[in-house]
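With the sequences and hints as input, model every part of the structure.
In case you want the letters, here they are:
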Amino acid sequence: MMNLIKLRKQHGFQTINDIKNALILDTHRGFPLLDESKCELNCSECKEICPTEAIELNPLSLDLGKCIFCGECEKICKGNGIRFTSNYKIAATSRNNLIVSSQQSYEEYELKAIEIKEKIYKLFGRSLKLRQVSAGGCNGCEMELAATTNVNFDITRFGIDFVASPRHADGIVITGPITKNMASALLDAYKSIGEPKIVIAFGACAISGGIFYESDELDRSFIENHKVDLYIPGCPPHPLTFINALLKYLNI
Amino acid sequence: MNNNWLEIKNLEAIPLSEIPRLDINSFREQLVKKIKSGERLVQLFGNKDNDDVVLYGITANDDNSKLYLASCIFDNKKEYESLTQDVPAAHLFEREFYEQFDIKPLNHPWLKPLRKINAELYNFFKMEGEDVHEVGVGPIHAGIIEPGHFRFSCHGEKIYHLEIQLGFQHRGIEKLFRKNNPVYLLKLAESVSGDSVIAHASTFVRAVESLSNCNVSYNANLIRAIALELERIAVHLGDLSALSNDVAYLTGSSVFGALRTKVINTTMSLCGNRFGRGLINYGGVNYEIDDALKSKILNTINSLEEEVNLASEVLFSSASVLERFEKTGIVDKETAIQIGMVGPAARASGVSIDVRADHPSGAYQYFPVHKLTLNSGDVFARAYIRYVEIIQSIKIIREQLENLSKENIISSLGSLEPNKFVISLTEGWRGEVSYVILTDETGKIKKVKIKDPSFNNWFALALAVRGNDISDFPLCNKSFNLSYCGFDL
Ligand code: SF4
Ligand code: SF4
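Quick mapping for you: the protein sequence lines, in order, are chains A and B. Per the numbering used here, the first sequence starts with residue 1, numbered consecutively. Per the numbering used here, the second sequence starts with residue 253, numbered consecutively.
Here chain B is said to cover these stretches of chain A; the calculated rule only asks that three of the stretch's residues, wherever they fall, bring their Cβ under 8 angstroms from a Cβ of chain B: (1) 1 to 7; (2) 17 to 31; (3) 133 to 147; (4) 172 to 179; (5) 213 to 226.
Each computed DSBU-like pair below joins lysine-lysine, with the alpha-carbon atoms no more than 35 angstroms apart: (6) B:K699 to A:K180; (7) B:K410 to A:K191; (8) A:K75 to B:K701; (9) A:K75 to B:K431; (10) A:K9 to B:K548; (11) A:K47 to B:K701; (12) B:K329 to A:K180; (13) A:K6 to B:K546; (14) A:K78 to B:K427; (15) B:K696 to A:K180; (16) B:K701 to B:K368; (17) B:K356 to B:K698; (18) B:K330 to B:K261; (19) B:K368 to A:K227; (20) A:K38 to A:K78; (21) B:K548 to A:K78.
Now the stretches of chain A that chain B is said to cover, found in silico as 3 or more residues with beta-carbon under 8 angstroms: (22) 67 to 76; (23) 150 to 164.
The hints are simulated quantities; they were obtained by calculation from the structure and are not laboratory data. All residues carry an ideal CB built from backbone N, CA and C; glycine is no exception.
Rendered as structure tokens:
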């Protein structure tokens, strides 16, 4: 009994209180700042080294939906044309918004990345139940999604929770590049959710196929045929990225 | 032992031409003999060489750090007598070989699809009788976890048999490894199983390094080892949290969960990613541990040790927890050896194997790792071994932090030697991770064969739940915490 009390005391209070302004370690690779004017003439090394073809040149842009935040482009770019900041609020409501262009500041990006819809708040703002479907990938995304419910992040305090059955859900969170072997199960789960419902693509794999984009064992038709409401970039995305994206999207 | 197998060591690159080529009958006979004499099956896989299919076998003698290698060729032959009849540990390997090359292991007791899923073609075991029922779950499970299909044959609450059908995460990883872009391949290795980033990435790069005769600095090897131990601590803590949760001991669930966060954030301060992505590179590591970071890590693990000790003392002295943990999901030692289990799950069943001690590489060559075992083979043992391994890893990190130096952390990698074969073994937190790489005549990678420890251990879960109540399944499952994607590849 004494030990239990000691343990309780040692555990203390773990929850991040002000999650909208939570600090993150500055080693975290978040929003990238691009500056084409620092590019060396005819250098295309960042584009060549990128394992997921996330970089385009002339003009320079970086697709957060493809990026796995490996940092290799930053390392090879001695001219500082690409520099990752630790800013983690990088989710967006449209695929196009994920493409970062040269000179785009984080503030500019954040301002327009998530388009808030009043309707969403009215529908789900006080209670959003999500069904997660793991469709390939590496389980990294699953671990970070699961972490959003732990004592540190505690997403359920905002009325957001993960449920076991799609019948109980208002939306679906997809992780992984969607393998052929999971394509029909994903579709079944989606269809089992009542309308209206939202679709969230969590991680580079779900958004673009990630590191597996060239695999012939994938079936990405779901993403092509359905509207994705919220894109959460990362490999895996940080729990703070997910929670803040939802809070903003739901206007909480 | 009198046979034709080539004796090699972990990470010893050898010319392809030196690999003994036997006919299938002697290959089979000798392999069976080796396993019966106490060696362990590490790898058994096929590769297409020109137009012929070649089967490679690798066994290990864990007492003297030796590995043995041989191959046999199937020119037009479409079948052979299955090894599984005599070597149960070969059963999944042979199913994989059959699925990939259509060469049939005759009289294989359980020749079913591994990753090519077609529910209509898959004959699940059937049990008949009054009060007998089947429970099918998946591919989508109740929690935020990976997909798989589990079918239980039950009599009332009691599980008679559990059949596990995986393959839903199959992304064709080994095929993707043929791409000729080193950065891509490294990131792919990091993404085989996201909870074992360091284990997979370092096993892969070590194989590449040995193919290019690259000397990794002691300092870089130390950082790799420290990261690998942090990975072990983090996942073990997460597992203790999940196990607590499954027996409704919520304090334990929260406490261990919060401690895990501390550890993954330590990894994040090292390399910018909570799971160690971006740390490992060919020839060393991308990030150094400077004095400030070193004292930060020291502080974290010192307080962690105290906290884990207290939390574990409470966990393992709680009657209601022990009531659920003890004698649940038992795998005995003999079974564990027969089916070829590895890692902490094997050690919890009394099998004394640990790649860090048996086939040491990198920094582990310079300090001894004591192999920890327990005997009861139940959920309790698999939980408790995690606790003692956490404490052991904390000690390793503390000691090795002192050995860090200013030595460089990355050496340049030359080109790979042509026509070579290498096997790389690492003890990840889940057990033995192995990568085999074959190069072609230009030094290009032509084949990467990956084996995650889950491949060895999934069948153990099926055996562990036999005779248990179906309500204990989640607990048994978490006590193994196997990788779906690592298996599905
Ligand atoms: S950090 Fe992103 S953009 Fe840069 S190389 Fe890696 S994947 Fe490509
Ligand atoms: S996005 Fe990255 S972390 Fe997520 S499943 Fe894909 S490879 Fe794993």
